[in-house]
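Sequence order for the protein chains is A and B. When we follow our numbering, the leftmost residue of the first sequence carries the number 53, and every step to the right adds one. When we follow our numbering, the leftmost residue of the second sequence carries the number 99, and every step to the right adds one.
Any given hint could be a false lead.
[Unchecked claim] The calculated DSBU-like cross-link candidates involving lysine-lysine, where the alpha carbons are at most 30 Å apart (straight line), are:
| hint | chain 1 | residue 1 | chain 2 | residue 2 |
| --- | --- | --- | --- | --- |
| 1 | B | K908 | A | K208 |
| 2 | B | K1060 | A | K261 |
| 3 | B | K609 | B | K671 |
| 4 | B | K417 | B | K466 |
[What the hints assert, rightly or not] According to the in silico footprint, chain A covers these stretches of chain B (three or more CB under 8 Å from chain A):
| hint | stretch |
| --- | --- |
| 5 | 645-658 |
| 6 | 821-834 |
| 7 | 932-941 |
[To be verified] Sample of chain B residues lacking proximity to chain A, with all beta carbon distances greater than 12 Å (derived):
| hint | residue |
| --- | --- |
| 8 | H457 |
| 9 | P464 |
| 10 | G844 |
Keep in mind the hints are simulated off the structure, nothing from the lab. Backbone N, C-alpha and C define an ideal beta-carbon position, used for all residues, glycine too.
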Amino acid sequence: MRVSISAAAALLSLLQPLASALATTAVTLAVPAQPALPNPNVLPPSTHATLATLYTTYSAPLSAANTFVFRNVTPGSYLADVHCATHAFAPLRVDVVASSAPEKLGLLSVQAWETFRGNDWDNKGEEAKEIALGGTPGSSLATAKAALPVRCLAPKQYFIERSSFSVTSILKNPMILLAMVSMGIFFLMPKMVENMDPEMRAEFEEQQKNNPMASLMGGGGQQAANPMGNFDMAAFLAGSSNKKDEGGPAAGAASDAGNGAGKRRK
Amino acid sequence: MHFPLSALSVLLALPAAVRAVFQDEVGHIDYHYELLGVPQRETTFFHRPRRQDKASLLYTLSDLGVLGAVNPSTSSVVWRQLLQGNITNGAGYLRAGEDATWVASAMGSSTQAWDAPTGRNLWSLDFDGRAKDLEIMELTESDHKDVLVLYEEEGATVARRIHGLQGHVVWEFRAVNGDIPLQVSTNVEKVFVISLHGSLLSYSLKVTVLDTLTGKRLDEINIGTKGEVQKPEDVMFVGANSAAPIVAWTDNALTKLKVNVLGNKNKQEFPLLADTRSVEIHAPHHIQSQPHFLVQSRTKTANKADVFHVDLKTNAVTKAYDLPLLDGESAFSTSTAGTNVYFTRVTPDEVIVTSSLSHGILGRWPLKGNDAKAGALHGVSEVIKKSENNYAVRSAIVTDTDDWVMIRNGEVAWTRPEGLTGAVAATWAEIPESEDLAKTLEAEAHSNPLEAYIHRVKRHVDDLQYLPDWLESIPGRLLSSIMGSEGSAKDSATLTRDSFGLNKLVVLVTKRGKLYGLDAGNNGRIVWSKSASETPSTLPWDVKSIHADDIKGLITVRGADGEFIIVKSDTGKTVETMGPGLWPPVQSVAVVDSAAGPWLLPIGIDGKIGEIPLAHAPKQTVVVRAGNELKGITFQPQGEQAVEVPAWVFSPSGKQKIVHIATRSPHDPIASVGRVLGDRSVLYKYLNPNTLVVAGIDEASSTMTLYLLDSVSGEVLTSSTHKGVDPNKDISCAITENWFACSFFGQYAVRDSETQSVKGYQLAITDLYESEVSNDRGPLGEALGEDAKFSPLDPIEQPTGPVIPSAVSKTFMLSGPITSLAVTQTRQGITSRQLLAFASGSHSITSIPRMVIDPRRVVGRDPTPAELEEGLSKYTPLVELDPRFMITHERDVIGIKEIITAPANLESTSLVFAYGVDVFGTRMTPSLPFDILGKGFNKVTLIGTVLALTAGVMALGPMVRKKQINMRWYSA
């Protein structure tokens, strides 16, 4: 579709005296249905695409057939961007060059590749092969038979989730987990000890006596209630070391906090 | 693999504290007027976008070049397109064929068709020249409608018929004759091209008749006007698309109306009302409608209308009836239903519907509603016949306050403040504090103790009357504070300051000469609006400066022709005004300090200031722009006056043109003079308040140089040159603290390796430090450091010129164009700053965290632990404009020209306001809201948790006690 030459094109032609600088061509980009965008008809009408290079910019709105039609494009190497409010698209490099084939002399050919922003311009990705437009004859896009596909990357996420209050998040807290475990020991241990047969129990109690950690853990309930209850201050100050010989008041008290089986000394 | 990798590394580089918008803040902290611009008379209509659907939409092409569809029942925008990608001044054409599913627009060089329900483009064509008219060919040889466009090329008139569905040219008619093309029109058989033939001040009308199928010239008719048509605007109306299109004009004295039915030579004359000041013609645009038209004549105080009929056989125009002369403004509009034509008249008091056949009134509704008294300028209507004698009408009226009002059967259904569009200047203003209490307290302080005491007791007794109300409001306030709905609970009708400083006024000036006061703390509610028409300057109004005086509560707006208006910021009441031309023209205005206090110094064309009374002489250096130069001007006393003395002149090197100048905001506090590095050493920032950034570009070689100027000495502190910068795309800069940034489109070979080149939108950012190394203050250090040789008595022996900062620069590639750079402002500058910009591609406003575009990001290697601690990440050239950076989130914000920011009382918060076509405002917390509980702080949960814990303790307490007692007893 060659209509005429715009002022910008004229300027470009002055700057880049190419043999075919006066020729222009039409470039069509299409948004096909793809995994990231199953239905391109949901794209908002504000979606548009631009072809940009030094001194020149072309802009095209999204058409009803999900294409962008740029007319009167002069030769050059363009950065094609699709600007959309709802989806992100991969940029393309679109080269419009004079055809080398002798039978097409004076005509322009269009080639496109994926490009990587922030990388070398000649670092081209996969070539975007023209796809045929499945438009019915007489549709609004009878002028464009084929188009360059643009790849949709992902829908855009504008918002972040506010971390809200939830029971599970509280339960995942390590402090809460620790507390739960010690609660479990506190409530379940006496019951377990009660259910043991006397031999085992005696053995267990013996073990408990020898294990200072267990005394700390198991004695939680009673000690918390009265932690200083059976601390012999006078003996402590006197540096008395008879505790070990007697099995230790704390250890003894702690060993069977639940059953209250007369181990306490007064 | 490149893309995902780089994207990933950028994402990783983002600090955890990137602050996107929460969904529940939408509409709470931000506000957005989604606008079109003021609808134009000829390009607004009701149209049914779907044939089978009865619902119609309201289409308009506004005076800013925004094409849009509005739902007439809800006033919401269905779709809109900024046609030229930029704000334009009027003009443009928009038509829709009856029952067509598309609308066609023509503007500038392009003609486009749009899908009416969705706003998708159907086809676009660009031609040489400028579009002068557009019409729809309703009846064609095939089953679709076609488009007729008229273009004006240099010396040539070009008419084209374009295939309505496929958008290709069916035929083209070109006449190279130097005529001025006026309009194109068609009846069923022929196409008429009307142009002005002849020379200036004595044109004759030339009607070229074309064949509809081929575009061949069939006939040419010249209609003499005897010098009555002196310019294109004198031809008032060319009826389009009716069965008998007409062309009409008046004589110069507005005493007679001349009408010609297109296609023949006769013209008929009709007398007009005495003292007629303007004449307007309204006619239906549909081919099957009866060929009737209405002529409205306005006098200074009143208006009337005459209805004419055209006889299709004889082409005779006869007057059918007239509508009475009524005082005030009326807006007439035409609507059709089948062959019937209805005229709707909206007067200041009522809405009247008449048929075109007789003067009998079909319906009459008194106007009620809020601003029904606003003068109606023009409008469009839709009349529905419900039953034999029962009609309903809805009219979309453009008022002289630039509002778009929908009147449904006499009641105002909605009002769209379209006048907010096309804003050219805006400023923040504090809400003036009520001075009553301050005055009373002062009075008490200055009277004798006893009197003061009695006065005070009286005052407190007086205040008691408010106590019951206050007590009553406590439960409500408590509840709303717990439920977190504190924003909606307050009375929105009053303007009050709040302790957080979020309630501020924004005063907006539009190019149509209107002033608006918006309450930024209250979702941008329009507090007042007024016309500055006391100073009717040229339209569009060229506003040079707007300044808010927060102490006095006044806003000063200055125009280019020396006119100014001073209004109160809270009410918009005019305090002082001066018409254009009375004072010399103004290029810009600067706030200067003088012995007599700060004042607004007007700067004349080419930076001329002239003599100033000594007391008002500015103490600072005033930087003015004269053509492509910047000049620093100081003032020297000379007798009673102070005369300007040029201190320095700066002109960019070579053939460069200054394209952008960025200056610091007056409010630019700096919390820390240094930047603490990972090893606890300090890199001192170069903090010079007298700096500005100038971007100069050489268009031929496309090289841009950024200069950092010292505005006192005129010295270039640092400069950097960028090759391959596009001068045709936006270049925008911003400067704050110790850094500045510029955005541009660049295409150049990379300096490191000549074989590599880049192309894309870029952002260059530069940090300024006193020295390259840490714990060093550069040349200043020798003067200030521990081994100070400096003393006031023994100044530095050999001053080595200005202190040149050490500049660290990086350029980042952006994933889209950004313009209108701005920087967030907070009260004390402790909060980190963010770069704000309008992302013109994605129609949103983006905020780029400083951390992402830090020039000290390390290149080519991973950062060391010390650098990581400093917050530096590895440099990646790409900065993706992440959707979560968008402070406008999902909103479609178009045509932003400028973004202004202001600090709130909360250190964490910066207020943002953007204007252009749309108006958008929000609050930002660049370092997260560290000093305010946000919506995430759930008071209900907190109270619930405390209650649950209390209940748990209450329940467990007795259990534990019981157990302990049991233990003691059983153990004993």
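Hint-by-hint comparison with the structure:
1. B/K908 with A/K208: Holds, at roughly 28 Å.
2. B/K1060 with A/K261: OK: B/K1060 and A/K261 at ~27 Å, within 30 Å.
3. B/K609 with B/K671: holds, 19 Å
4. B/K417 with B/K466: Status violated; Cα separation ~33 Å.
5. 645-658: Result for this restraint: violated, n = 0.
6. 821-834: This one holds; 5 residues, not fewer than the three required, reach chain A with a Cβ under 8 Å.
7. 932-941: holds (count 3)
8. H457: Since the minimum Cβ distance to chain A is about 44 Å, B/H457 lies beyond 12 Å and the statement holds.
9. P464: B/P464 is indeed farther than 12 Å from all Cβ atoms of chain A, at 39 Å.
10. G844: Answer for B/G844: violated, closest chain A Cβ roughly 8 Å.
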